[in-house]
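Chemist: Kindly produce the complete structure, drawing on both the sequences and the hints.
Here is what each chain is made of, one letter per residue.
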Amino acid sequence: MEPFVTHRGRVAVLDWSDVNTDLIIPARYLKRIERTGYGPLLFADKRYVPGGAPSPDQPESHGPEDPDFPLNDPAAQGTTILVVGHNFGCGSSREHAVWAVAQAGYRALIAPVKNEGFADIFEGNALNNGLLPIELPEVAWNAIVLASREDGGAETTINLQDLTVTLHPASGPEQSFPFDVPEAIRQRLLQGLDFIAETLLLDNAIRSYEQTTPAWATPQPA
Amino acid sequence: MSETLFEKVWKRHEVRANDEATLLYIDRHLIHEVTSPQAFEGLRLASRAVRRPDLTFATLDHNVPTENQLDIREPMSRRQVETLRANCKEFGVTLYDIGSGRQGIVHIIGPELGLTLPGLTIVCGDSHTSTHGAFGALAFGIGTSEVEHVLATQTLWQGQRPQSFGVEVTGQLPPGLESKDIILAIIRAIGTGGATGTVLEYYGPAIRALSMEGRMTICNMSIEAGARAGLIAPDDTTFEYIAKGNRPFAPKGAALDLAIADWKTLRTEDPSAFDRHVSIDASTLVPQVTWGTNPAMTVDVTGTVPQPDQVPFTSADDAHRALDYMGLTPGTPMTEIPVDIVFIGSCTNGRIEDLRTAAKVMKGRKVAKGVRVLVVPGSEEVGAQAVSEGLDRVFSEAGAEWRQSGCSMCLAMNPDKLTPGQRSASTSNRNFEGRQGPGGRTHLLSPAMAAAAAVTGRFADVRELLGKSK
Ligand code: SF4
Chain W
3 MEPFVTHRGR VAVLDWSDVN TDLIIPARYL KRIERTGYGP LLFADKRYVP GGAPSPDQPE
63 SHGPEDPDFP LNDPAAQGTT ILVVGHNFGC GSSREHAVWA VAQAGYRALI APVKNEGFAD
123 IFEGNALNNG LLPIELPEVA WNAIVLASRE DGGAETTINL QDLTVTLHPA SGPEQSFPFD
183 VPEAIRQRLL QGLDFIAETL LLDNAIRSYE QTTPAWATPQ PA
Chain C
331 MSETLFEKVW KRHEVRANDE ATLLYIDRHL IHEVTSPQAF EGLRLASRAV RRPDLTFATL
391 DHNVPTENQL DIREPMSRRQ VETLRANCKE FGVTLYDIGS GRQGIVHIIG PELGLTLPGL
451 TIVCGDSHTS THGAFGALAF GIGTSEVEHV LATQTLWQGQ RPQSFGVEVT GQLPPGLESK
511 DIILAIIRAI GTGGATGTVL EYYGPAIRAL SMEGRMTICN MSIEAGARAG LIAPDDTTFE
571 YIAKGNRPFA PKGAALDLAI ADWKTLRTED PSAFDRHVSI DASTLVPQVT WGTNPAMTVD
631 VTGTVPQPDQ VPFTSADDAH RALDYMGLTP GTPMTEIPVD IVFIGSCTNG RIEDLRTAAK
691 VMKGRKVAKG VRVLVVPGSE EVGAQAVSEG LDRVFSEAGA EWRQSGCSMC LAMNPDKLTP
751 GQRSASTSNR NFEGRQGPGG RTHLLSPAMA AAAAVTGRFA DVRELLGKSK
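Residue numbers (this note's numbering), protein chains in the order written: chain W, 3 to 224; chain C, 331 to 800.
SDA-like cross-link-like pairs, simulated, lysine to any residue; straight-line CA separation at most 25 Å: (1) K341/C - A186/W; (2) K338/C - Y211/W; (3) K574/C - A219/W; (4) K338/C - T215/W; (5) K419/C - S377/C; (6) K582/C - A219/W; (7) K116/W - A603/C; (8) K341/C - T220/W; (9) K690/C - W732/C; (10) K116/W - L353/C; (11) K419/C - R37/W; (12) K338/C - Q213/W; (13) K116/W - R491/C; (14) K341/C - L203/W; (15) K341/C - P184/W; (16) K341/C - I187/W; (17) K116/W - T352/C; (18) K594/C - Q222/W; (19) K338/C - E212/W; (20) K338/C - P184/W; (21) K338/C - A219/W; (22) K116/W - A519/C.
Derived list of chain W stretches under chain C, where covered just means 3 residues or more per stretch with a C-beta under 8 Å from a C-beta of chain C: (23) 23 to 31; (24) 86 to 92; (25) 123 to 137; (26) 182 to 194; (27) 207 to 219.
Stretch-level coverage of chain W by chain C, calculated; a stretch enters the list once three of its residues show a Cβ under 8 Å from a Cβ in chain C: (28) 12 to 20; (29) 34 to 42.
Note that these hints are calculated values from the structure, not bench results. For each residue, glycine too, the CB sits at the ideal point set by N, CA and C.
Modeler: Shown next, in the form of structure tokens:
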């Protein structure tokens with residue numbers, strides 16, 4: 003996994019609430035067995051004009067983009083931080099949703115309100131892919147949305163070392179907002195560790211746990 | 331303070347635990363074709379094996395056509411199905427393939443096979459894994475990276491332990507209502523994000539009165555309230571389900587007696603131990619139908635499409651978008667909305683009891699003109715049982731299509747989909763935009779209510795139909 007230490011980039015805003023993973027990537031694209039190629043499929047049924055979404059076997063070829071979709075705004079082009087509404091990523095567990103967001107060029111997501119910003123499974127999937135889900139208090143979230151609208155995609159720095167999001171507005175003073183990430187996860191992200199390799203170091207503990215399993219809990223031979 | 335059922339099961343599975351992270355042991359890992367290919371590929375790239383193939387079980391469900399399961403025409407679906415077959419063979423994982431007699435939706439076959447038992451941890455790369463919580467198992471959906479982690483280590487890292495959230499359902503469910511109405515009413519009351527960061531436990535007399543099928547419907551939709559999992563404490567209904575029927579992997583004889591003695595301890599002694607709590611009265615419920623694009627956008631069938639500024643948990647902007655997408659006008663009585671397609675099936679309501687309930691409403695009646703009805707059993711076993719009871723004939727004689735088992739129109743990865751603008755009455759779990767096909771409009775309801783829509787051609791209060799002689 004690519005380590006995440008600091009990231010500076012511009013912000014795009016999609017402030018709808020309860021954006022589910024079916025919307026982030028429709029089910030027909032889940033027939034792909036690859037782990038790459040999902041970038042153009044992000045919001046496929048919203049982002050292109052009707053009938054313009056790519057076919058699952060040719061993700062790169064699609065019709066014209068729908069100018070009304072917020073991420074097609076000229077100011078959103080080249081952005082790498084996505085500001086989203088409450089309960090982003092609810093619904094299906096499909097990790098393809100995280101792959102689509104990450105492969106469309108985003109390194110971090112910012113949602114409003116601690117414990118309400120992201121659906122649980124989506125948040126875990128994002129962390130497993132080095133896509134940083136950040137929950138900020140409503141006031142801080144609003145400030146970023148506002149700055150982004152005024153500046154046409156505000157310059158922002160996310161620093162995982164000191165756990166801050168900093169706005170660099172075109173005019174006026176910089177503003178910094180703290181966020182938190184559990185320390186164990188922060189270390190893994192900073193170092194870009196292979197989670198499985200880390201867990202396999204605990205093989206002895208797993209083995210001794212297995213000795214304690216009651217007989218009925220092991221599947222009886224068919 | 332005493333512990334909740336959830337905390338008991340969680341603690342039993344801690345391999346390592348500190349303040350902010352726990353390594354949980356996983357007792358059962360269920361696999362399907364959609365969320366596993368990249369995980370197996372990851373193992374191959376790192377030259378890793380499946381640590382416990384004896385705890386790992388696979389089936390094919392999402393891509394399977396239901397007209398003729400064996401005839402997978404879509405090349406990408408075929409490739410995905412063949413990839414799972416090849417991976418199971420390479421890594422030594424048991425696969426319940428099409429035509430094995432045991433194939434079906436992953437959350438339907440786990441309990442049928444006796445793999446789902448009280449007190450276990452069960453994961454699957456599928457959010458509706460919460461279904462298995464009906465047995466008092468801690469069961470939850472995971473992403474593909476986690477699937478790979480479980481395949482390689484048989485464990486999973488979890489952050490802080492979720493809070494426990496008690497949902498008490500009092501009273502007696504009135505005739506014509508089903509467990510689907512209970513869970514829709516709960517989601518409507520707490521919202522789609524209302525249980526984020528928590529594990530739900532359903533309890534109370536209305537829950538105790540439910541069969542295992544009914545309990546599975548409730549736990550299945552826990553994720554639609556944002557919960558990590560949903561549990562129901564095991565009781566005699568649970569033990570009987572496990573002991574009876576052809577459940578090859580369930581403990582038997584003395585092993586079963588020992589297990590039951592243990593399972594009886596798996597309960598929340600004192601409801602004050604829950605971190606959060608809500609109570610609903612089943613006796614006051616009327617049949618529920620969704621009107622919008624998430625499962626909390628639900629009204630009574632006797633109600634009307636809401637005004638956009640009166641939708642709980644939803645901004646007027648978001649409500650407008652939902653009304654627009656659904657093609658509905660505020661104030662319209664639900665019973666005046668016509669339907670094009672009725673879908674009876676899915677891991678929420680594709681079990682034998684669901685088919686019996688729907689058949690009871692459709693028996694001696696005809697599908698309304700212009701309506702297409704698909705009845706899709708959740709597994710090959712459910713299908714065979716339905717045929718042995720003659721339910722397939724009831725559906726066919728009414729003019730419905732009797733199909734083979736799979737996920738089908740629940741998410742439209744196989745050929746069963748809505749076309750843009752079509753409106754469905756569906757017993758599945760998600761009314762998201764495009765869920766049943768791009769541009770499709772989904773309304774969620776119970777199997778009895780779906781059958782009522784099938785024979786009337788619109789949403790109808792099934793209680794009125796049940797009152798009338800056929
Ligand atoms: S029936 Fe629907 S919800 Fe259930 S596993 Fe299949 S696709 Fe998922």
